[in-house]
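Trainee: Chain by chain, the residues run as shown.
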Amino acid sequence: MLKMRGPVGPEGSGVVCECDDVFLTEVQRVVSVYKERPEDLVQALHDVQSLRNYLPREALRVVARTLDVPESRVYGVATFYSMFSTSPRGRHIIRICESAPCHVAGAAEIINSLLNELGVEMGGTTSDGIFTVETSSCLGVCGVAPAIMIDDTVYGNLVSEDLPAVLRRYR
Amino acid sequence: MSDITLTIDGKSVCASPEMTILEAARTVGIKIPTLCWHEDLGSPSVCRVCVVEIEGQNTLQPACSYPVSQGMTVRTNTPRVRNARRMAIELLLAHHPDDCLSCQRNLKCELQQLAADFGIREIRFERVSRKIPRDESTPSLVRDADKCINCRRCIEACEKIQGVAVLSTVNRGFDSVVLPAFGDDLDSVVCVLCGQCTLACPTGAIVERDDTGRVWDALADPNMHVVVQTAPAIRASLGEELGLPAGSIVTGKLVAALRKIGFDRVFDTDFAADLTIMEEGHELLDRIQKGNAPLPLLTSCSPGWINFVERFYPDLLPHVSTCKSPQQMFGAVAKTYYAERADIDPARIFVVSIMPCTAKKYECQRPEMRSSGFQDVDAVLTTRELGRMIREIGIDFDSLPEEEYDAPMGISTGAGAIFGATGGVMEAALRTVYAVVTGRELSEDGLEFHDVRGLEGIKEAEVDLEGATVRVAIAHGLGNARKVMETIRTGEAPWQFVEIMCCPGGCVGGGGQPIGTVMSSRAERGQALYEVDREMPLRESHKNPAVLALYQEFLDWPLSERSHELLHTHYTPKKS
Amino acid sequence: MEFYRAHVLVCGGFPCVAAGCRAVRGEIERSVKEHGLEREVRIVETGCLGPCDLGPIVVVYPEGTVYSRVSVDDVSEIVGEHLMKGRPVRRLEYTERLPSVSQADHKRPDYFGIQERIVLENVGLIDPDSIEEYIARDGYLGAGMALTSMSPDEVISAIKASGLRGRGGAAFPTGVKLGFTARVEADQKYIICNADEGEPGTFKDRLILEGDPHKVIEGMIILGYSVGATMGYIYIRGEYYLSIERIERAIAEARRYGLLGHDLFGSGFSFDIEVKKGAGAYVCGEETALIESMEGKRGEPRQKPPYPGTCGLWGKPTVVNNVETIANVPPIVRNGADWFRQFGTPTSPGTKVYTLTGDVNNKGLIEVPMGITLREVIYGVGGGIPGGRRFKMAQTGGTAGGCLSETHLDIPMDYESLQETGSALGSGALLIIDDSHCVVDIACALLRFFEHESCGQCTPCREGTRRLHDIFRKTRELAATEKDLKLARELAGVMQASSLCALGQSVAVPLFTIMDHYADEIEAHLEGRCPAGVCRPNPANADESAYETLQAGNGIR
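Chains as they are written, first to last, in my numbering: chain U, 1 to 171; chain A, 1 to 576; chain R, 1 to 557.
Keep in mind the hints are simulated off the structure, nothing from the lab.
Hints may be right or wrong, so weigh each one.
[What the hints assert, rightly or not] Short, incomplete list of chain A residues facing chain U, as computed with Cβ under 7 Å:
| hint | residue |
| --- | --- |
| 1 | S168 |
| 2 | V170 |
| 3 | R172 |
| 4 | F182 |
[Stated by the list, open to error] Cut-off 16 Å, straight-line C-alpha distance, at most; resulting in silico cross-link-like pairs (EDC-like, lysine to aspartate or glutamate):
| hint | chain 1 | residue 1 | chain 2 | residue 2 |
| --- | --- | --- | --- | --- |
| 5 | R | K297 | A | D396 |
| 6 | R | K474 | R | E406 |
| 7 | A | K483 | A | E159 |
| 8 | R | K483 | A | E122 |
| 9 | R | K297 | U | E134 |
| 10 | A | K260 | A | D396 |
| 11 | A | K131 | A | D98 |
| 12 | R | K316 | U | E39 |
| 13 | U | K35 | R | E295 |
| 14 | R | K474 | A | E126 |
| 15 | R | K297 | U | E36 |
| 16 | R | K160 | R | D338 |
| 17 | R | K483 | A | E126 |
| 18 | R | K297 | U | E39 |
Backbone N, C-alpha and C define an ideal beta-carbon position, used for all residues, glycine too.
Put together the whole structure using the sequences plus the hints.
Mentor: Here it is in structure tokens:
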């Protein structure tokens, strides 16, 4: 068991991550195609994150070693892109667009209802570990704003009343 | 390429086409303010303090990186330029603590200087703190991320110059800050504690750990016999710390100031450097003749370099000389031989080192460094800390009469002095190895091995020892060291002996040297050490009478059992 | 290809997928089979058909009947009535029709009629997964012509002559850009297709990639040939899962057909394409940030010069073009510059793909000639503002674009005219805002975005985006003073003048246009009033939008 020490703010603070050997072997397998290819760091992080929905530090170490990139840079890149998370997240990631087109279409009300429904704050994970809610820049589905994206599926033209039914599919 | 002409502030300027606007402006005495730019570390172009107006461009451009071109018209003093610069400074100040008066970099901070130069009187934005705890995890460095202004100079120094890459910008936008991987403390990442980041940092975000308090306490303790040793490079750099020109040789004033501070004995690490040459020179010959250990032999004087090998090249540790560094040989001898001769209980001896180095603070605490039965060296002060002690008690350094080191451990040769410059250990070793192998004396001219001098990143030379040829290499700066180590790892390195110094320029460019250290000042300090060498009556380590007496009275001969016990050690791999 | 008497196109654009088109398609397949029509009726999932808020959309050819908001329950009627009996289901019919190719030059003041389709000529009409269908519509003809009968210089000349300008936002003449890179001597050059479409309100590139991926591939081949680049990359937003899937399939198909790889068209020219995924950073739409990201680093823009055209990916000359720009290239090569110039205006030739969002009846994707007015777009194509509300503001070009007020409704939408208003065409996003919204609240939403997306590299943008957001939050809380707004203006001006890249430089564009055009409304906030009734003082949490605060005040939260 490894304790994740969070650097700044709420990220990773005190959350415990289980990085067993089986998992790290899996990480090694996933990143081996990028061996000594520092230019593929972003792609490698995508692949690693797909295993557990976040990037545990031991996994980032494996990435650093395999791609031959300093750990500091791996961490710098992992904390730059909003799709990556260095702290544990739920099984499903709900992304909500807060950009102007969604804002105009009433995204604030959807956000409010969603957080209420799930009982979490923005950026938080539900106590059952099923959902993590994150804000996102434009999801590119403004034609059906307001929209949310759960993993790779978009739900558009939402009104608050639609939410329970949408969420039920993932529970 | 032929020169081009441009206009800066109405002045016609002749410049070479590779120049930046900043460089061209300097040639005609126009000083453009800078912050993230550093003459050795490049132009990240991120602080936007050096912006200028270029005719035909909608936006202001950074002078530090913008190339000059034929017919270009530049204005460095317009309301738009001044406003942009002032705003950048004001924004930085609003995201920076306002504890300048108690900051270690007070009066030596580039941000503070800019705020003063621009006459910033009001900060119109609410001050915001990053609330990141101070990292005091190592004996060498203290990192205060709250003071980071995201100039990235430390990243450049650590990654490009040293090839260690401990630091990176993490997070994005307003939350961006420079941190080690995972936001960890320095003691749990691959930091070698070289302190080059402290020289790169324009503010107080990374500084040396201040040990002056501990030294003052020891000096004030009547039961303690406090001895001090001064590293070779200090005599060529302390002057700068105290306002003298770069490369000023201040050996005698240094000794006088240390006596004024109250040290009981003022000794010289140069003595221990001569001792190191005796041990290391014989170790080299031993390895060549007996073939009992791998070649090339790698020097071991530089503690940042040792940290580096342990972390990055543990497989090559057998190549590293078993000799302790001069600082540690000094400590071990001071608390045994000197204690015995002076009839002082070694428990009462407090050894202080004045070093150009932050890694030495770590080295003296290593468990391997207690062969006297005590911690061999008790406290390490950097050039900067000694400067502060001298200023604190109001010594008028420039007008101090010169004084001599104490005997016996203050007696040294020119070979010891040049340890502080890249190639110096090699040159000192060659002088002695030549004499030992050939049994002959080198001429005055022959003493100087010019091939191993200078600031080229990696130097190679072949030395003829009357028939036998020794091939050597010298690297300084860990980025260069890495290249050498990769060659050695292939097993195809042609050298028998390799000198590696962690810091660019060697110890004259160490991480504990005065703020403002750049390549040109490193060069001048190196030259100063060669001048010290030339002025010394004795220039070969094996001729140091105090060292010879030490062998005669105490150690017997180089590589003797007692030498091994006190002066040699083994390092162990560290997880990288 | 086999012959079918009818084609049923089910829009597979992302918005329609979001609206449930997959279920509808499944039901159509089931029903068609049930009626024994599988040999007569072909079902095709297409790229975006345009009117995204009306999905799921189903079109039946040859009649060209458009059904909107089709539910699973409607399917049996469509199949039973229309496909079996040839009687279109009037109650589901969208009153306008999709254009056939022959109708493309025929202007009508309705949703589809006003449009000219160059970029989107195939989107919605072909199966994006079928290279045969693309080829059947003259696909790869342009590339074939270029590689076999034109010199690289001739290709560049044709693109120069067409007057095509970059459609990603900067509007730089494409031919000139190609000319720079063509002249540079290098052992390797690259073509990058910028599909990191992150501009809020913009989803055209996604729909082009998803609807007509081969067109992008073909455009890249032509560009590669023109400058001597043998390798191309498509950098796509990580969130665009479907785009990535479609383009990767299309690349594999093109390779299988010998349209990517060695010695294309027997010309001796080789070219291949690889897809790189982004990971969530708006700033990576900036070409040098994109290049940094492709090199496996933080997506931080580089100080220019040097420009990518001479020193780009791995230090090699690199042409970076937006998806839409690239999609214009094959038709230009195929039909010639003169043909292209008949659309649009003399200085802004061609068409522009816009994505219409916000308070407008018809949201979605449209391609119209350059130079039509905002009024024509909103009240013509856009079908006006819902609920009988008044137009208040339009933001053109995405978050970094300027805001236009009622007085600008009749300004032609082309590069020059918009520039005069302090705005820009930008990425083609058109956000329509009605009078129920407060401009201060809108400004907060825009500034929150910039704060979130600033890369953090240069001082003015890293620090400034946060400070501007702070000031406007304070204004929304009715707590700001004149001094605050003066500082905001000064700060935004400095950011515009001295930020390292376009992100920081362009924050001032929406901010200044809002502050200039709606000065009275903002002024009212300093006096404690929000004329639109949106902003409230003393919120519980400064991070929440005024709307949330209002909800909280009503005890809903």
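Trainee: For the pair supplied as a hint, R/K474 and R/E406, confirm whether the alpha-carbon distance does not exceed 16 Å.
Mentor: violated (27 Å)
Trainee: Straight-line Cα separation of R/K297 and U/E39 no greater than 16 Å?
Mentor: Within the cut-off at roughly 8 Å; holds.
Trainee: Hey, A/K260 versus A/D396, does the alpha-carbon distance stay inside 16 Å?
Mentor: holds (11 Å)
Trainee: Quick check on the hint: A/V170 CB to chain U CB, less than 7 Å?
Mentor: holds (5 Å)
Trainee: Need the status of pair R/K160, R/D338: alpha-carbon distance at most 16 Å?
Mentor: Between R/K160 and R/D338 the Cα gap is close to 11 Å, so the pair holds against 16 Å.
Trainee: Holds or violated: R/K297 and U/E36, Cα atoms, limit 16 Å.
Mentor: holds (15 Å)
Trainee: Just to be careful: measuring from the Cβ of A/F182 to every Cβ in chain U, is the smallest value less than 7 Å?
Mentor: holds (5 Å)
Trainee: Taking 16 Å as the top limit, are the C-alpha atoms of R/K483 and A/E122 close enough?
Mentor: Between R/K483 and A/E122 the Cα gap is close to 14 Å, so the pair holds against 16 Å.
Trainee: Hint check: U/K35 vs R/E295, CA-CA at most 16 Å. Holds or violated?
Mentor: Judged against 16 Å, a Cα distance of about 15 Å means the pair holds.
Trainee: For the pair supplied as a hint, R/K297 and U/E134, is the alpha-carbon distance within the 16 Å limit?
Mentor: violated (23 Å)
Trainee: Go through the hint on A/S168 and say holds or violated, using the shortest Cβ distance to chain U against 7 Å.
Mentor: holds (3 Å)
Trainee: Does the structure keep A/K131 and A/D98 at a Cα separation of 16 Å or less?
Mentor: holds (14 Å)
Figure legend: structure checked against the earlier numbered hints; hints not met, in rising order: 5, 6 and 9.
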